[in-house]
Amino acid sequence: MSALAHVPTGQSTGAKPPPAARRGRYRALPYLLLLPGGGWLLLFFALPLLQLAAASLYDPGGSLATGYAMTWAFGNYPDALAAYWPHFLRSFGYAGLALVLALLMGYPLAYAIAQKAGRWKNLLLVCVVAPMFTSFLVRTLAWKTILSDNGWVVGLLRDVHLLGPDGRLLATPFAVVLGLTYNFLPFLVLPLYASLERLDPRLLEAASDLYASPVRAFRRVTLPLSMPGLVAGTLLFFIPASGDYINAELLGTPNEYMIGNVIDSAFLVRLDYPQGAALSFLLMAAILAVVFGYLRRAGTEDVL
Amino acid sequence: MARFWRWVADRWVMGVALLVLGYLSLPILVVAGLSFNRPSSRLSYDFHEFTLDNWRNPCATSDMCDAVVRSVQIGFIATVVSTVLGTLMAFALVRHRFRGRAGINVLIFLPMATPELVMGTSLLALFVAAGVPQGFWTIVIAHVMFCVSFVVVTVKARLAGMDSRLEEAAMDLYASEWQTFRRITLPLVLPGIVAAALLAFSLSFDDFIITNFNAGTTVTFPMYVWGAAQRGIPPQVNVIGTAMFVIALLLVLGSTLRGRRARRAALPVAAPGAAKRP
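Protein sequence lines, in the order shown, are assigned to chains A and B.
Each residue of the first sequence is one higher than the last, beginning at 27 in our numbering.
Each residue of the second sequence is one higher than the last, beginning at 1201 in our numbering.
Everything labelled a hint here was simulated from the structure, so no lab data went into it.
The reader is advised that the hints may include incorrect statements.
Claimed, not checked - Capping the alpha-carbon separation at 20 Å, the derived lysine to aspartate or glutamate pairs in EDC-like fashion look like this:
{"no.": "1", "chain 1": "A", "residue 1": "K147", "chain 2": "A", "residue 2": "E223"}
{"no.": "2", "chain 1": "A", "residue 1": "K142", "chain 2": "B", "residue 2": "D1210"}
{"no.": "3", "chain 1": "A", "residue 1": "K147", "chain 2": "B", "residue 2": "D1210"}
The model shown is predicted, which means the values in this text are computed figures rather than measured ones.
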């Protein structure tokens, strides 16, 4: 209160104009503050995308050694798609399957931490992000040990005849999907947690007082109220998962290769820049299409 | 029986949650275990024999330690640059009204929504087209690029939650703008800046995909692991993995405890019962 009372005196002495007016003096200041960071992003994020777009239209007959000619070769796109459409399908199939698994695991986890954990909340949250404290690649390689043919997981599954006597987990689509689920699960859980944390438990009590079954209360109260977190988490999971190629490379075989593996080898092994660039743009376009399609559905339609 | 089912209904969510946490923690336990392993062969990923040798000389494969040092150097430079650039942008966005704000927000948001693969290949295309040789500094450029957005978002959250009346009070008490910034604003925003810097460092240190396209022949730690995965992983990789985990965990626990103590110190008269729930 005393600070408020003080303002008029300060003004009346005319020593200094109030802060709000002072701030308006520097019209250029926000632009100066934005210039270095914004410039960096324009130069090293936006400009490269334009360069990649150009590279995707280069003459496919050229090579890195002789240089590429710009021939507006739009044919690169259908050619790349014709050659690698199975990899695209696999990428989105694996990422979608991993997303379903991650939702089945991540929703109860986020809900339990947000609503049921009490004073253990912070500890459990640390446990969710703890995997990210160590290297992504080292963790993925650990799955090689866990799923190994001599490991106890495979042994157990063989003993209960869920796997044949020489059935394996490693180097199968299952291993790749499991790895994707594992690697990106925290990105799904954290936004979901943030949404569910704000859910007022009294709403669920009210629903049950009005004779809603737990399932109905979940569908009509919990799920709609967690939609923002669910949408954000799904996107944060799906975008990196569909572009990933590390899990397919380390836990799968060339039969499980995703589009990322193809792009990686186009740029770093085969040195076919036009094709690699075209595939990169196709990947981005496909992801954007899926994302916007999903956002429109999630935004306009009532869930269930 | 009905009581039993109610008991189950109350707790099954927690049960599932603990199972999922187990799934999330399993690889870390395996990494820690494998750091004490003497593998039977270079290409074997199975636990063979207990040993302390890996921890006694973690640098038995010297190129791995070179890679770790290089990753730390890159992470340090990328963190400093991206934290400064991102903090300036956050101040501009929270404290000023200006034209083109929506465009800037899109420019900051897009790098977080773009697949890493696309950012990596596009930078590669740019560097090749411009004839820039790839190596240490192209990695730094790439890392600053993808860290900036995360810094902006983190610092912005802290700035937006700040009580601007504190600064107004300082100015009313005839503090100059610089004094207000130095004595009031900066200390209040500092936790956000520190959090952003830690985030930037961990993003940079762990990045593989973007680095892989822009490294030339320079080898960072994740790139070393990637290469070694084909030739056989030395068990010392797991020592580094475990050490990283322990250091990060200690940092987080330390900051949580400090935060708790600071909060307690700020409320010296609070009754013991009041500390339970805010």
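Cross-check of the supplied hints:
no., hint, in the structure
1, K147/A / E223/A, "holds, 10 Å"
2, K142/A / D1210/B, "holds, 9 Å"
3, K147/A / D1210/B, "holds, 17 Å"
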